[in-house]
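There are 2 protein chains.
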Amino acid sequence: MSLSKNKSKLITSLQQKKYRQKYNLFVAEGVKVVRELLNSELEVDSVFSTDENFSCEKVNVTLISEEELKKISTLKAPNKVLGLFKIPEQLEVQKNGLIVALDGVNDPGNLGTIIRLCDWFGVKQLVCSKNTVDCYNQKVIQSTMGSITRVQINYVNLINFLTEVNIPIYTADMDGNNVYKTTLPKEAILVMGNEANGISAEINSIVNSKLTIPRFGDLQQTESLNVATATAILLSEFKR
Amino acid sequence: MSLSKNKSKLITSLQQKKYRQKYNLFVAEGVKVVRELLNSELEVDSVFSTDENFSCEKVNVTLISEEELKKISTLKAPNKVLGLFKIPEQLEVQKNGLIVALDGVNDPGNLGTIIRLCDWFGVKQLVCSKNTVDCYNQKVIQSTMGSITRVQINYVNLINFLTEVNIPIYTADMDGNNVYKTTLPKEAILVMGNEANGISAEINSIVNSKLTIPRFGDLQQTESLNVATATAILLSEFKR
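Residue numbers (this note's numbering), protein chains in the order written: chain A, 965 to 1204; chain B, 965 to 1204.
These are computed hints drawn from the structure, not numbers from a lab.
Take the hints with a grain of salt, since some may be wrong.
Which copy is meant is left open, so a pair is good if it fits within one copy or across any two.
Derived pair list, reagent style BS3-like, types lysine-lysine, alpha-carbon separation capped at 25 angstroms [stated by the list, open to error]:
id, residue 1, residue 2
1, LYS982, LYS1040
2, LYS1203, LYS973
3, LYS1174, LYS1050
4, LYS996, LYS1059
5, LYS1150, LYS1022
6, LYS1150, LYS1040
7, LYS973, LYS1088
8, LYS969, LYS1150
9, LYS1034, LYS1044
10, LYS1044, LYS1094
As the structure is a computational prediction, the values presented were derived from the model and not from experiment.
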């Protein structure tokens, strides 16, 4: 009942996307996150715990030492449990209701926050461009908690997807329509862009409507809202 | 024109709050952030650069090597410039308009996001409980960019402040009034709580109105919105 060298090596390799894709597995850590994923429809591969009281129906929990956990954990303060879960198959995109699409969002924390927002606002479908950060990145998993199991996430050729779909497309833009004065439809795609560069030119060219969150502070300033907080405000406007 | 051992030691000591308070200095890094702070009313102490073309009117820039910068930087990828700025004196709290108050917000990223939101929505005053993370923490500085110079931030005994002030007090709460159906005043204090524990009981007891951001997703789930995204949505509602 301890951690084999091979398993340990496998687990740390999953910090890289190419190995997650090779083995079709991702890592989740901590009692709360692992418990939430165990309670979801995800298939579990294996669970390791330093606490002999942590058990689950789906799989035998392997008891490991604090030291062993430390070796395979990416957390500063490892929290008792680490689980390996199977990356689910990509289902077909659900092309109805409110959809969020991400065009090259880089930061795992931002993606995690956006997944939680989708879950909160009942957005069932998140569509990501291929260059958006991987949602099975461990930082994303740790920050989304169970939300990742309730939002369907697809990685697609975003320009093709947007060209083919028959739903109005909105983006956030500095020079768009005041979102507070715009009537928003129930069925729409909200595209949010990269942290530094925003929406790519190609995608911008097929957008139907640009939305602006008005700035109430000093108008001279050029800084923009963070992509996750802008998504929060826009989803709130679509749903309120 | 290089970095003395003493200065180098001083700069790294400023990663700790007690030394920032002792020397009354904080660190900012990167061309963009340092430039923004140099263009503000902040008093600069010294600037170090690996780029001889980086200059400013306020102070002589000390040319240093990449290696020297690496030693004093906290960034993974140090970006040419590091500046020391004087922590400004705490002015008296401005008790009018919309005020955001934080009750024990711990995460520097969350505080940084909230400062940017205040700047965006024209909130001039941010009041923090003494146990809220220090706004001169370097992670806060890096994420706020110039916003930190446009929002007045005071650290106070929050319960005393809220008891003495004559403005209605709102908080976010799971069992409050639907924020989308509530008429919000122009003058108010919005109190946001700690990431794990929310608002402290003492402060909860003097709140006038609790606001809920309705959940549109699966109602069984218990996860809440992150404090920064909840602040984004609530400020948007106060200002829209």
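Could you work out which of the previously given hints the structure breaks and list their numbers from low to high? 2, 3, 4, 5, 6, 7, 8, 10
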